[in-house]
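Quick note, the sequences are listed as chains B and S, same order.
Add 358 to a position in the first sequence, counting from 1, and you land on the number used in my numbering.
Add 111 to a position in the second sequence, counting from 1, and you land on the number used in my numbering.
No lab work stands behind these hints: they were computed from the structure.
Just so we're clear, the structure is a prediction, and the values are computed from it rather than from any experiment.
Check each hint, because a few of them may be wrong.
Unchecked claim - Ranges between beta-carbon positions, derived for each pair:
hint, chain 1, residue 1, chain 2, residue 2, range
1, B, Lys-753, S, Thr-196, 28 to 36 Å
2, B, Gly-727, S, Leu-154, 53 to 61 Å
3, S, Ala-447, B, His-763, 53 to 61 Å
Even for Gly, the Cβ is constructed at its ideal location relative to N, Cα and C.
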Amino acid sequence: MAVPKLQQLAKSVVQGPSLATGAIPTRDWMDIPVVFKSGNYAYPAKKEKVEYLNSQSGLHFPNAREWSPEDDDWKLPEDWKEIILKGLKERLDKFRSLKIFMDCCVRCGACADKCHFFLGTGDPKNMPVLRAELLRSVYRNDFTLAGKILGKMAGAREMTVGVLKEWFMYSYQCTECRRCSVFCPYGIDTAEITMMLRELLHLVGVGINWILEPASNSNRTGNHMGLQPHTFKDNVEFLLDDVENLTGIRPNISFNRKGAEVLFITPSADVFAEPGLYTAMGYMLLFEAIGLDYTWSTYASEGGNFGLFTNNETMKKLNAKMYAEAKRLGVKYILGGECGHMWRVLHQYMDTMNGPADFLEKPVSPITGTVFENAASTKMVHISEFTADLIKHGKLKFDKSRNSHVKATFHDSCNTSRAMGLLDEPRYILDHVVDWVEMPENTIREQTFCCGSGTGLNTDEIMELRMRSGLPRANAVKYVHEKHGVNMLACVCAIDRATLTSLMNYWNPGVSVCGLTELVANALVVEGETRGELEEGLRTML
Amino acid sequence: MKYAFSFLVVIALIVIAGLGSQIPGMPYLFGVALPYLAMMIFLGGCVYKVVQWAKSPVPFSIQTTCGQGKSLDFIKHDRLEAPHTTAEVVARMFLEIVTFRSLFRNTKSEIHDGPHVTYESSKWLWVFALIFHYSFLVIIVRHMRLFLDPVPFFIDWLEFGDGIFQIGAPNWYITDVGLLLGCMLLFSRRLITRHVRIISLVNDYFPLVLIFAIALTGILMRYFLRTDIDIVNIKQLLVGLVTLSPTIGAEIGAIFYIHLFLVCALLAYFPFSKLVHFAGVFLSPTRNMKNNSRAVRHINPWNPRILPHSYAGYEDEFREFMVDAGIPVEKELSPAKAEEIN
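Please model the complete structure; the sequences and the hints are all you need to start from.
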């Protein structure tokens, strides 16, 4: 499963006999079975992780076992087919989106070449429309009159093990980025389809470890890295030492402190690994500079939500910790760090699933007095909204020259752009702290391309797939790298910080990845600091 | 072969109506019974479909935002692409349905050596769709002339506009050409564009062929076979149909029955096919929901009761470590444990 050399892959994506490059499959897509081989699938979930999740109240993860996608026999339960069809029926009754998206597609093909997985692999089944047809064909067969009467003629097919394997392959070659839904004339959202497919697969014990292990970690330790409270605290304090060494300021921080005004929650990866930890250092320096009364939590130490990649029950259970902790600590509201899918959950699901948060107050910036009316009910504010407001009110002093080593471009996260509409706040902040340029227009804002490894796919065993699906994003960065000398890809997402780093190392060496708040903290002039000339901002090695 | 099959079915339909309607007594089947039946299936089927959709709740707020959401005062809100109020949603839906806005966005991607991925605006599908749908709409409205007596004024205006070029005798309607052209363009696209060819099903070719045949028989009647039909009798039949007192006067040409039978086939096929997109588009949650989900709580009627792994359970598991690390706890350690740590 070695990752191919750059030249090989660069040639392969252009000349390989794929649908994206012009080759037309000679067989009907229904007649082409999936073949699992090392490198084209993410490892199945470990037995003990599935057992742990299944033991948690409100969750259902049956059929824990050792198995491999490469085996013919996936050790499915005997009545797997009934389980799947019953599961599909239940979901059709619970989600109008699913019914509408099953019935309304006219196969116009507008979505076909909008998917980064399709562009990178050229696999017809990675066209969003065909990904949905994998499910739709079964829906027709068992739930529509035309399908029951006309069968294959009406595009229907029976649910078989082969179909189930196909679902597994292609629901884990979709990052739920929703780019296709922007272009669909009916707004059909493949993320919904993929979520349903993954939910159905979990009913028969088919899931991947890179999602279920973080999900169980998040449940038990509070964060997906599995950091226990003392370790989490150690990690954050380790970053404090770095901040102090670099700036002469040791930010005041606290953990699980009752009575703080604000609870701050961010993806745990930011306190653990480069380059995210520079963003975490940025948060602490920023909050110190404005004297924010806030606390970290070790119990709710994960902003990300691996339940979003699993099923709605797990999403709800993991998300519920945020309000539970906010209530226990008696804070006024919650401030959320930079993360993409975390913000999809916070913006579109949290209040519905775990609200109403009537024990919290409508968020008000203690520094500027701005009332965040857009978060009046959920009571959770995005760090970019918070920071942009500080800048607008002149509460932050910047020395932009401290970022003179950076020529940045900005990557919109799929979820913050297409499931929230957070586009101009980060840009407003960038304007004040760094010299930056936009990537080409069809690759930014609501048309942004996924990093290629979201929804729990940033695992090493599928590196070639990830480099392929990340190609459209990498290619747009390459354009501004060559044209404008861009050397930094800024983003507001913790998964991006990890995945784009691999992607840049592969396709565009010379471009680093950073969080927005890292750039903010680089340029921030803080009272009392003894910051010398830091050639690489917070990354400078002393 | 999927497209060939569609042609076969439509030809069979034409033969059935062409021959069948010439058998004595059968005009009542083709002219009265089947139209009523088809209309009932159409109306009943569409209502059933919409009720079925509406019966499933919308548990989550899953709007797709295609522009800046409403946030701070100084950040310009894109009211159409990330609507915050009902009025803004209505505007978004109106433009989506009337101008096919999402299709207007369409781009074509290509991968060149390098690799170098390019995206360029591609409006063909949008243009084809507009030609097809608007021609179809105007033709349907124009046909109201046959059902209504007196004929409303706006139909005269529409016909005047539709025939503005004054070409041919009788005057050719733009939309008649438009519908034929629209069908042909959309059909060819399915054959020629490789992405679309792979995904196309019989379900995609058949309605296009059927609608093409409907348009063609209509055009034959209006422009070429005028002597074969009696428009007065047709109007008498159709007005009779809508007033529930149908009569078939003198003989009406076979071409009319073919046309009518194909329309019946389309009506009956409609609710069971992808053609329900005309109703579904109104109900699509990614387009018709407000992007105010943090300001106003959206309710999920089946919201399950699921509690988080409790803080108490968490603290019980890690209390010693927490105390040791100086993290505040709710319950102090038992003296024995505290002793151990110290």
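Hints not upheld, ascending by number | Per hint list: zero violations.
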